[in-house]
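Here are the chains, one letter per residue:
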Amino acid sequence: MTVVEALQAALAVEHQAGYGYGLAAAHLAGKPYTAALAALADTESRRDRLADLLRQRGLTPAPAAPAYVPPAPVTDASTATALCLRLEHAAEGAAWDLIAAASPGDEVRRLGVTWLGVAASRAARWAGAGAVAEPPLPGQPS
Amino acid sequence: MADSASMRSARVTVSRRTILLAAPSAMVVAGCRDHRPVKPDPDAAAVAAARDTEQRLAAAYDAAGDARRRDEHLAHLQALGGVMPTAPPSASDPATLTRTSAPLLQSAAIEAYAGPVAAVLASIAAAHLAAR
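Order-wise, the sequence lines are chains A and B. To convert, count from 1 in the first sequence and add 967; that's this note's numbering. To convert, count from 1 in the second sequence and add 189; that's this note's numbering.
Hints listed in this document are in silico derivations from the structure and should not be mistaken for laboratory results. Where is the CB? At the ideal position from N, CA and C, for every residue including glycine. Some clues are possibly wrong.
[As the list claims (entries may be wrong)] Where chain B lies over chain A, by a calculated footprint (3+ residues, C-beta under 8 Å):
hint, region
1, 1035 to 1041
2, 1065 to 1075
3, 1082 to 1090
[What the hints assert, rightly or not] Anything over 10 Å on all C-beta distances counts as not near chain A; from chain B, calculated:
hint, residue
4, R225
5, D230
6, A233
7, A252
8, G270
9, T275
10, P278
11, A284
12, E300
My request is simple: use the sequences and hints to build the entire structure.
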């Protein structure tokens, strides 16, 4: 995977995450709601940075789709939390690919490393304390 | 049937020829390899440091009877191509080592020469951050 392919794939993941966190937040309350909104803001910021990195390379960032179909119906707090977990696992995978494709020390590598750390921490929180065992190597291709 | 048999026969001939041709070239390559300077692995020091951390953490959690955390750090060690020594060094405070090693692993991931090595180091750092 080239760095441009990894950037476009990462942008696609963040487009989905932006939509998904908005959908999930509508079914959450209290701390999980606040966490979903914080994740949404972070996702939008990273989406803009990824788009900038593509523009810097003379490329047009792929736009978001008007809507996305979640992998399972989101009808309550439990299914919304499960969607949030899946969004972070997707982010972990995209961050891994970004890191592997980027050059040592460059901005793309830095972005990927930070993103992977954030996504793994969020995934652990959505999974709940000890409820679901997270993979030992977040983002590792299966 | 006859056509099929001849095709099988032709494949065997090609296969044998390939083996016979490959052997002398392998010897030439082997002869050259001895005289080639060995390039140092630019990521060797970072990987060795990460292995040492994972050995200490796995040993500490093993001593504490925390099999889940021990296995997680053994998985990290395996991803780094390492194994547990017979008498591994142990961390006196594994929670602190987990926390303090995360930014070091992230820095090593940013500077790693090889992309796959960078991804493994960053993933281990991410797991340490998530374990807080």
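Non-interface claim for T275(B), where every Cβ of chain A lies beyond 10 Å: holds (23 Å)
Assertion that chain B covers the region 1082 to 1090 of chain A - criterion: three or more residues, beta-carbon distance below 8 Å: holds (count 6)
Check on D230(B) being off the interface with chain A, judged by Cβ distance over 10 Å: For D230(B), whose nearest Cβ neighbour in chain A is about 14 Å away, the distance exceeds 10 Å, so it holds.
Distal placement of G270(B) relative to chain A, Cβ over 10 Å: holds (13 Å)
No chain A beta carbon within 10 Å of R225(B)'s: holds (25 Å)
Distance rule for A284(B), whose beta carbon must clear each one in chain A by more than 10 Å: A284(B) clear of chain A: closest Cβ-Cβ about 15 Å, beyond 10 Å.
Assertion that chain B covers the region 1065 to 1075 of chain A - criterion: three or more residues, beta-carbon distance below 8 Å: It holds, with 6 qualifying residues against the three required.
Status of A233(B), Cβ more than 10 Å from any chain A Cβ: Answer for A233(B): holds, closest chain A Cβ roughly 14 Å.
10 Å cut-off, C-beta based - P278(B) kept clear of every residue in chain A: holds (21 Å)
Cβ contact check, 8 Å cutoff: the region 1035 to 1041 of chain A against chain B, three residues minimum: Check failed, 0 qualifying residues.
Nearest-CB test (10 Å) between chain A and A252(B): Holds, since 19 Å exceeds 10 Å.
Given as non-interface: E300(B), partner chain A, CB spacing beyond 10 Å: Its Cβ does come within 10 Å of chain A, the nearest being 6 Å, so this is violated.
Comparing the model with each earlier hint shows violations of hints 1 and 12; every other hint is respected.
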